[in-house]
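Could you put the whole structure together from the sequences, leaning on the hints where they help?
Residue numbers (the numbering used here), protein chains in the order written: chain A, 6 to 274; chain B, 63 to 326.
Using 27 Å as the maximum straight-line C-alpha spacing, the simulated DSSO-like pairs for lysine-lysine come out as follows:
#1 B/K101 - B/K294
#2 B/K91 - A/K84
#3 B/K292 - B/K130
#4 B/K292 - B/K123
#5 B/K123 - B/K91
#6 B/K180 - B/K130
#7 B/K91 - A/K87
#8 A/K87 - B/K123
#9 B/K158 - A/K87
#10 B/K262 - B/K294
#11 B/K316 - B/K262
#12 B/K91 - B/K294
#13 B/K123 - B/K180
#14 A/K219 - B/K189
#15 B/K158 - B/K292
#16 B/K262 - B/K158
#17 B/K130 - B/K158
#18 B/K158 - B/K316
#19 B/K130 - A/K87
#20 B/K316 - B/K206
#21 B/K294 - B/K158
#22 B/K101 - B/K130
#23 B/K101 - B/K262
#24 B/K292 - B/K91
#25 B/K123 - B/K294
#26 B/K206 - A/K219
#27 A/K219 - B/K158
#28 B/K292 - B/K101
#29 B/K185 - A/K219
#30 B/K294 - B/K130
#31 A/K84 - B/K123
#32 B/K91 - B/K130
#33 A/K84 - B/K130
A short list of chain B residues far from chain A (calculated; beta carbon distances all over 12 Å):
#34 E205
#35 Q250
#36 G317
Rather than coming from a laboratory, the hints here were simulated on the basis of the structure. Note that beta-carbon positions come from the ideal geometry of N, C-alpha and C, so glycine has one too.
Single-letter residue listing:
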Amino acid sequence: MDLDIFLFPFFQKTLFVGFLIGIVAPLIGVFIVLRRLSMIGDALSHVSIAGVALGFIIEVYPLALGIVFALIASFAIEKLRKAYPSYAELSIAIIMSGGIAFASVLFTSGKGFNINVQDYLFGSIVALNTADIWIVFAVTLIVITFVVISYKELFLVTLDEDAASVSGLSTRLYNILITTLTALVISVVIKIVGALLVSALITIPVACSLVVGKSFRHTMWMAIIFSEIAMMGGLIIAGIWNFAPGGTVVLLSIALLMLSFLFSRKKSL
Amino acid sequence: MNELNNNRFDHCHECIISIEDVSFYYENKTPVIQNLNFKIFERDFVGLIGSNGAGKSTLLKMLVGLIKPVSGNIRLFDQPISEFRDWDRIGYVPQKNAMNPFFPATVKEIVLSGLYGKKKMFKRLTKRELEKCDDSLQALGIEKLAHRRIGNLSGGQQQRAFLARALINNPDLLILDEPMVGIDAETQESFFHMIQHMHKQHNITFLMVSHDVDMMYSYLGHEAIHTSGKLKFYVKHSHDLEDCVETDLTHSLKGFIKGEALKI
Chain A
6 MDLDIFLFPF FQKTLFVGFL IGIVAPLIGV FIVLRRLSMI GDALSHVSIA GVALGFIIEV
66 YPLALGIVFA LIASFAIEKL RKAYPSYAEL SIAIIMSGGI AFASVLFTSG KGFNINVQDY
126 LFGSIVALNT ADIWIVFAVT LIVITFVVIS YKELFLVTLD EDAASVSGLS TRLYNILITT
186 LTALVISVVI KIVGALLVSA LITIPVACSL VVGKSFRHTM WMAIIFSEIA MMGGLIIAGI
246 WNFAPGGTVV LLSIALLMLS FLFSRKKSL
Chain B
63 MNELNNNRFD HCHECIISIE DVSFYYENKT PVIQNLNFKI FERDFVGLIG SNGAGKSTLL
123 KMLVGLIKPV SGNIRLFDQP ISEFRDWDRI GYVPQKNAMN PFFPATVKEI VLSGLYGKKK
183 MFKRLTKREL EKCDDSLQAL GIEKLAHRRI GNLSGGQQQR AFLARALINN PDLLILDEPM
243 VGIDAETQES FFHMIQHMHK QHNITFLMVS HDVDMMYSYL GHEAIHTSGK LKFYVKHSHD
303 LEDCVETDLT HSLKGFIKGE ALKI
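The following block contains the structure:
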């Protein structure tokens, strides 16, 4: 056990970034889960690490390329969804395997050998630099502002797209905005929890809050609270015992999910 | 029969929906809707009946601007649909299974969302609007369910919540897309009675899509006023109704529900 870890600036940075991610991941996650797009996080994250890998090889800031790749992938998913209208999950499977295929080729080719692949797959608490922190901070601000400003529109579009259009909303615009922000969030979350576990951060706290939520607002707040408990607790445990942070955070949130089921057994989903 | 409907000379009643020579087909396939002409006038009650695949949903989607007709024109409240912006004049009750039953919203949140369409970004709901929501809930006798999650309610209660949402803007036109699917027979009947009451006492135009032919026949008669492909239109015109129109919808619905002791 190593409590000195709290004294290290790198760990303080990690906790700060973890705190921000703990807010935005479930905040966008509520809309993703309720729109039955839970798997989109996996697809985007796998493409995003391909961008990160390419960034290392061509010596461009990796996180930025990761974001660009995730954005492109999010639009590709929307396009493919139209090509196979009754098989939405097919588009996600294609993009996901395409991303990981590209990433694996890049990671194993030439300069790619120098990249610490494990950090990107499983996350790392030592990998953050100042630029990363600023980007996470900016994404947090953007997502919170978006959700606060367009809460009403997001609610309508998520509840029932047809009814939303009938009340004069451009559902297409909001679909694009939601997917774009998801891509942004995913790219920044990868640094800490790793590509393999990103979507857990977006979906599991929401799964918990769906069990206990009394209203839509309450569900959103509870998702953030569950997410922060798992994130802070997970990072601290991982820091002290030197576990992989992503895995620890995700296991803790699954434990929370089981607890929320135990405490509200009478309610069925 | 077509002629009669289309050329019906009507000075005092506004044309609410006008479908002019509308056709629709998905790529290279046989037409779902072909050269459909139909007009719905103020305070008409139109029942739209058709088997699966007859084009009911397609037509509804065109009427609310979700898809565009391949040819022909649609006018809403005498404006071309592409220029139509007064969406709060239309109340829309979706099919029960269009909604995710696990959606974590409360009845009140759902009813309030009826106001969201015309609210600008940043604008919060006013006190007046919150009162409207309470009125709407009371009108349908579901005020006690306001803070319950929609998914924990019965099918009939859910449908009332969505009707309350549709009524919150005091719409001139109410579109109901198979509102009775998945609801037990007794609740269906009381729901339909309530709809009839609204039609008889208020200045609301109805377009209701339904599978339930018997219920439609009982109110609209056995004779379809217009047939196009597999689509059948049954209509009760305003001139078949008494003039007595109550103005306060909330009040009259409350009275009605109390009088009928309706099962929720």
